[in-house]
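Q: With the hints as extra help, turn the sequences into a complete structure.
Protein chains: 4
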Amino acid sequence: MSDITLEQAQSVVEAAHKAAVEQGTAMNIAVVDAGGNLKAFVRMDGAWLGSIDIAQKKARTARFFDMESGSIGELSQPGGSLYNIEVSNGGLISFPGGIPLTVGGDIVGAIGVSGSTVEDDRAVAAAGVAALS
Amino acid sequence: MSDITLEQAQSVVEAAHKAAVEQGTAMNIAVVDAGGNLKAFVRMDGAWLGSIDIAQKKARTARFFDMESGSIGELSQPGGSLYNIEVSNGGLISFPGGIPLTVGGDIVGAIGVSGSTVEDDRAVAAAGVAALS
Amino acid sequence: MSDITLEQAQSVVEAAHKAAVEQGTAMNIAVVDAGGNLKAFVRMDGAWLGSIDIAQKKARTARFFDMESGSIGELSQPGGSLYNIEVSNGGLISFPGGIPLTVGGDIVGAIGVSGSTVEDDRAVAAAGVAALS
Amino acid sequence: MSDITLEQAQSVVEAAHKAAVEQGTAMNIAVVDAGGNLKAFVRMDGAWLGSIDIAQKKARTARFFDMESGSIGELSQPGGSLYNIEVSNGGLISFPGGIPLTVGGDIVGAIGVSGSTVEDDRAVAAAGVAALS
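Chains as they are written, first to last, in numbering that gives the first Met the number 0: chain A, 0 to 132; chain B, 0 to 132; chain C, 0 to 132; chain D, 0 to 132.
Keep in mind the hints are simulated off the structure, nothing from the lab.
Be a bit skeptical, because a hint or two may be false.
Label pairs and their calculated CB-CB ranges [as the list claims (entries may be wrong)]:
1. D:Val102 / B:Leu74: 52 to 58 Å
2. B:Gly104 / A:Leu48: 50 to 56 Å
3. D:Gln22 / B:Leu81: 51 to 57 Å
4. A:Val20 / D:Ser87: 43 to 49 Å
5. A:Gly103 / B:Ser1: 47 to 53 Å
Here the structure is a predicted model, which is why all the values come from computation and not from measurement.
C-beta atoms are modelled at their ideal positions from N, C-alpha and C, and glycine is treated no differently.
A: See the structure below:
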């Protein structure tokens, strides 16, 4: 199993942080490793306290299923095939903002961002993902 | 109370594992006993980490109500009679992949499978169930 | 990061199970991977229900600190340097029965065994460890 | 209420990280704000997984009572006035490695470090504290 290094995780956080500053938002940014365990985290000044947990849950959700957190949400709606999957794993977050992190095609962890609209959150997470490519 | 033996549980897991290999999927497979307590578990290489908990919750859900996990999901939708029952019992999973296990007509436990589509999950669980008949 | 395969985990469980049979005890046997996530589990017939959780916590404790669970307990006593560390990580078990699993010198996971005296538990865990060497 | 800024928190983490590198240890380093909420976190490569939670709990413990985590431990022993206080607040850590962070005499948060002996942990935390003075 490939795993993310702290140097890689910090470059991801730094790129996401920079994107949030440019966006004018205050974000919580979390990176988990290949085992789903927290590797790096920052909360920007003024960012929502409730998003500390959500950013981490988005990152874990993305690594737990090796897909974007928002992709889970498309299946977990009423009538969907994964309805209410969010109650598992101590709480999943199934809206956008969690994205797997890859190095050379291998998933090495995931990033989760929370603090604004889900569109903003996802854009900042994507900026973090791009730092590894 | 009739209860599943470890030998039976392992034959269930083995049959389900074999079905998943044939299916080309990477599954988490859990068997609980008549008391709803974990009896046997395997996670295939590369299987989703988030499905460790879901496989176990599917098995418990099936034994807790002596019906397939997916049958609960038909009643737990918005407006349904068991709306949001998923928040009980430390988290239930109400989509397919959990099936009671029976020996001679008596329920002795349940199997839960998670790692692919709910159709794949249920097919693998059914292969496990068939090992006891 | 090296990680345990299911085939390796099952050989560990099988060796531990065999040792418990020879010992005449009924054990819960858990194997976690390099990320601390459950990989394989069996509960022998008649084994304590309360040990389902303890076996898993012993395995996680051993991997969380890359040492035997009992080594933590030597430091966590009243007056010790890690007093009451057991309240962390959702509950640690600091008495013997959890041992890291290594392949070629790399830690790839851990085994946890619970169901008898801590001496019996540790002996069965050690038999599991030996399966990988 | 004075509160730590992200820039300050990152300088604390950076100083602690540098001290750990010089010490030759692999640490989990957490900073919480004046409200006890996570502000910044890093896990060095190879650091214990079980210390992710402990580092955060040390930081929270230090801010929750505005004293070093180890000072709590002197009172929480059997027969002590705060016996078993560790079970409160979702788990406190009462051994050294958590220290309040101050700016101009005001407590603005706390640092928690975990990954080696408590003496090493505390020394690294102290290096983090010094970054704000």
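Q: Are the hints correct? Go through all of them and say.
A: Outcome of the hint check:
1. D:Val102 / B:Leu74: 52 to 58 Å: Holds, at about 56 Å.
2. B:Gly104 / A:Leu48: 50 to 56 Å: Distance hint for Gly104 of chain B, Leu48 of chain A holds at roughly 54 Å.
3. D:Gln22 / B:Leu81: 51 to 57 Å: Hint holds: Cβ distance 56 Å, inside 51 to 57 Å.
4. A:Val20 / D:Ser87: 43 to 49 Å: violated (38 Å)
5. A:Gly103 / B:Ser1: 47 to 53 Å: holds (52 Å)
Of the numbered hints listed earlier, the single one contradicted by the structure is hint 4.
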